[in-house]
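Asker: The residues making up each chain are set out below.
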Amino acid sequence: MVSYPGVDNPPFRWSMLIYDRRYRSLTLQAIVFILVMLLASWLIDNTLRNLSAMGKTLSFDFLFRRAGYDIPQQLIPYNSDDTHLRATVVGLLNTLLVSLLGCIAATIVGVVVGVLRLSSNWLIARLMTVYVEVFRNIPLLLWILVILAIFTEVMPPPNAYRGENPAASMILFDTIAPTNRYTAIPSLGMTNPPGTIALGREGISWAFVAYVAVIVLAFIGNRLLRTRAQRIQDATGKRPTTWWITLAMFAVPLLLLTWWFGLHLIPPVLRGFNFAEGINMDNALVVLWLALTLYTGAFIAEIVRAGILAVSRGQSEAAFALGLRPRRTMSLVILPQALRVIIPPLISQYLNLTKNSSLAIAVGYMDLRGTLGGTTLNQTGREMECMVLMMGIYLVLSLLISGGMNVFNSRVKLRER
Amino acid sequence: MSETHAQTVAYVRDTMLPPAPPPVTERGAIKWLRENLFSGPLNIVLTLIGLGILWLLVSTIGPWLSHSVWNANGMADCRKIIAETWGPDATGACFALIKHRWNQFVFGFYPAALYWRPVLAFGLLFLALAPVLFSESRRARRIVLALATVLSFAIALVLGAPMPALAGMALLMLAWAVLIEIRPAWALLASLVYPLLAVWLLWGGSLWSEIAVLAGFGIGFGVWRAGARFGLFAVAAAAVVAVLWWLFLAGPVAAALAGMLPLRLQPVSSDQFGGFVLSITIGVAGIALSLPLGIVLALARRSDLPVIKLLAVMFIEFIRGVPLITLLFVASLLLNYFLPPGTSFDIILRVIIMVTLFAAAYMAEVIRGGLAALPKGQYEAADALGLDYWKAQRLIVLPQALKISIPGIVSTFIGMFKDTTLVVFVGLFDPLKAMADTIRASFEWKGAYWEPYIFVGSIFFILCFGMSRYSMYLERRLKRDHR
Chain A
1 MVSYPGVDNP PFRWSMLIYD RRYRSLTLQA IVFILVMLLA SWLIDNTLRN
51 LSAMGKTLSF DFLFRRAGYD IPQQLIPYNS DDTHLRATVV GLLNTLLVSL
101 LGCIAATIVG VVVGVLRLSS NWLIARLMTV YVEVFRNIPL LLWILVILAI
151 FTEVMPPPNA YRGENPAASM ILFDTIAPTN RYTAIPSLGM TNPPGTIALG
201 REGISWAFVA YVAVIVLAFI GNRLLRTRAQ RIQDATGKRP TTWWITLAMF
251 AVPLLLLTWW FGLHLIPPVL RGFNFAEGIN MDNALVVLWL ALTLYTGAFI
301 AEIVRAGILA VSRGQSEAAF ALGLRPRRTM SLVILPQALR VIIPPLISQY
351 LNLTKNSSLA IAVGYMDLRG TLGGTTLNQT GREMECMVLM MGIYLVLSLL
401 ISGGMNVFNS RVKLRER
Chain B
1001 MSETHAQTVA YVRDTMLPPA PPPVTERGAI KWLRENLFSG PLNIVLTLIG
1051 LGILWLLVST IGPWLSHSVW NANGMADCRK IIAETWGPDA TGACFALIKH
1101 RWNQFVFGFY PAALYWRPVL AFGLLFLALA PVLFSESRRA RRIVLALATV
1151 LSFAIALVLG APMPALAGMA LLMLAWAVLI EIRPAWALLA SLVYPLLAVW
1201 LLWGGSLWSE IAVLAGFGIG FGVWRAGARF GLFAVAAAAV VAVLWWLFLA
1251 GPVAAALAGM LPLRLQPVSS DQFGGFVLSI TIGVAGIALS LPLGIVLALA
1301 RRSDLPVIKL LAVMFIEFIR GVPLITLLFV ASLLLNYFLP PGTSFDIILR
1351 VIIMVTLFAA AYMAEVIRGG LAALPKGQYE AADALGLDYW KAQRLIVLPQ
1401 ALKISIPGIV STFIGMFKDT TLVVFVGLFD PLKAMADTIR ASFEWKGAYW
1451 EPYIFVGSIF FILCFGMSRY SMYLERRLKR DHR
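For the record, the sequence lines run as chains A and B.
FYI, this note's numbering numbers position 263 of the first sequence as 263, with every residue one higher than the one before it.
FYI, this note's numbering numbers position 354 of the second sequence as 1354, with every residue one higher than the one before it.
Treat each hint with caution, since some may be false.
Claimed, not checked - Pairwise CB distance ranges (calculated):
1. B/F1338 - A/V412: 38 to 48 Å
2. B/F1338 - A/A306: 33 to 43 Å
3. A/I108 - B/F1338: 51 to 61 Å
As the list claims (entries may be wrong) - Only some residues are given here: those of chain B computed to face chain A with a beta carbon under 10 Å:
4. L1037
5. S1059
6. I1061
7. M1260
8. L1261
9. L1305
10. I1325
11. L1333
12. L1334
13. M1467
14. S1471
15. M1472
In case anyone wonders, no lab produced these hints; they're calculated from the structure.
Just so we're clear, the structure is a prediction, and the values are computed from it rather than from any experiment.
Beta carbons are placed, not taken as given, at the ideal position from N, Cα and C, and that holds for glycine.
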């Protein structure tokens, strides 16, 4: 409401609620609010009546009962005697696993393809255009099904790797063996393991803690080093060379730790009819991961291309005119501006990928929807509770991802006056 | 030339040399190759890698595609033909599957005698869209109209539609095309009626129920016009009267009219829908409903009224935060809980509602981007002209904001159309998974993995790629600056 000095506001009359623009907005909001509340109470009333008619009550007790089903792919120990709650957590971790792997791989694919699409090489630019258009214009479900069919129909069974003259051979220097049931990859082993911290049924290896600590310390050290270099540059105009100290800070302790623990890769070996020693990744995970990567990668490629094209040519010309070398031009002038354009849509692609991971249903990968919204729902018959819980978890996940990425975005954003 | 030069220079040419052609390496194909494929070590490596990828693709898929069989009665038959023609070790595509089962891919389990109805509905879609999408270029519009009319008629003829249906089709389409050409304003009204016509054609039943629904809009409009001087009261009264009509009067009136003059088509239930008819029905309905809803949501989110803004933000963020699959499961598992006991409604309608809500939330964000991109001066100019909120939005803000957001809007449409394949998980027969599985489950086509995917994938590609190209054309056509 605006009031002007020297002008008397007319006394309030009821008709003002409709005809006076100052009050009309209040009327409108009140009406909308009441209507929405009425709708909500109608829906809730219906739900309660329907539930009571079926003899059900809203309760989440079922989460603490025995689940009684197995989950092939698990990040934390789980067996069928565990509760539905633990099954849900296993499913959530599986969702997070495939989303994280997918986001990393899709970013790599997207950046490479986006840059190559701008390449002056005619053939490569065309090939990349074909890739992007084909993957963007065909449903993700089709890619999942096609890759699944490739894995189940074309890949050899594990025992094809057997014998003196095997029908199939492992790829990448005999380290990875794709089969029609799982993909065998090397696992990590230590000759001198430092023991684990026991946390209930899970344990965290001290080696893992040591690696994380070393990396965090190296980042802090690197930061101090750069601050010092900046100070010297500000004082004398000359920046000391720091890259080899940075490299040493990261590499030396990591190599030392690796040598101390005797960390090495254990390649998968065929024992009997199956691979052992390595990790047998469930093909459902591999298929979903590949499909999400290739599909989202095509979208990210377009975002990257648009971001690079959005930096006007004058910017790089100006940088050259200032005497910056190409590498510095890229890191100081072009990338910061391109990132500003790239990051917001990139965040929404990460969100899309996470939500699309629920298509795990097509390959039978036990993600959150497969456990909580699938087997648990069917076994307990508690549709309402399971769906509410599942949608709540997805919602929180999305809000967390977008919140975290928005913090990152605000750090690279252009600070306008 | 100076005298000294005359002695130092032994020979001076006094005629022009004829212009020589550029060297071989600087012209024609060789120059193009040097510049585009082999301009440096990195590019040479890239070209070789590209050629390698191409070779890999062609050598694995090429023989399989070139050995394709188009006439066979089953997979075993196909394999026999391939072995006979190209040797015992050859593999080949069996596209005979597509030829044999194309009607399932396209129409699902729709009764074969009624195939002309979806065809007519799809043809009429173009007539309904022509005044909206191709209004500016008369030539493009006429081509679209002619193609839609002739093609749907020809397809219906080939599919064996009965004579009266064919005659009705021809009459309807010709009348509509003529209407578009001579009375464009009325054609827009006809486009508004199209959804109900399409529902009638697809699901059949009595036309009177659709007419009764339509009459609700007419009655509401009439009430509003009659009481226009009461402003907001008239709008409220119109809404109330229309809702009362739909709730209490529409059913009996339609039944009474149907008793007098039965305008009936044979009803087709929703579980007979499948294939591309299902995808396109859900897709088109979702597109048509999500755009207006998205605009309303975007305006609500940018509104000055805190309650409305809060509601819009909550709705949009909730929908955008959950996967579409969970919403579809809500439609199939939970929607009956939310409705009064004993009610249940059509699964396709439920899916359309969910898909629409999902797309509308994304659409709202796209349009909000367009609204935010509009210079502030435009809003201030509208205020300065004394326009009220709705006039300002309708005449000044939205036309520009929508134009800016065309690429985003169309990519939301494409995404939604692709997402219609997810309905397989709530038990509907989408063309991609459900139809392919059904066909593979039959004895004769057991083991056909790639052919259905290739066929359905290419249709999706054509439709989605076509939409994105159309959006580019629209952007160019509506561009008003930097000519």
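Asker: Mind listing which of the numbered hints don't hold for this structure, in increasing order?
Answerer: 3, 5, 6, 7, 8, 14 and 15
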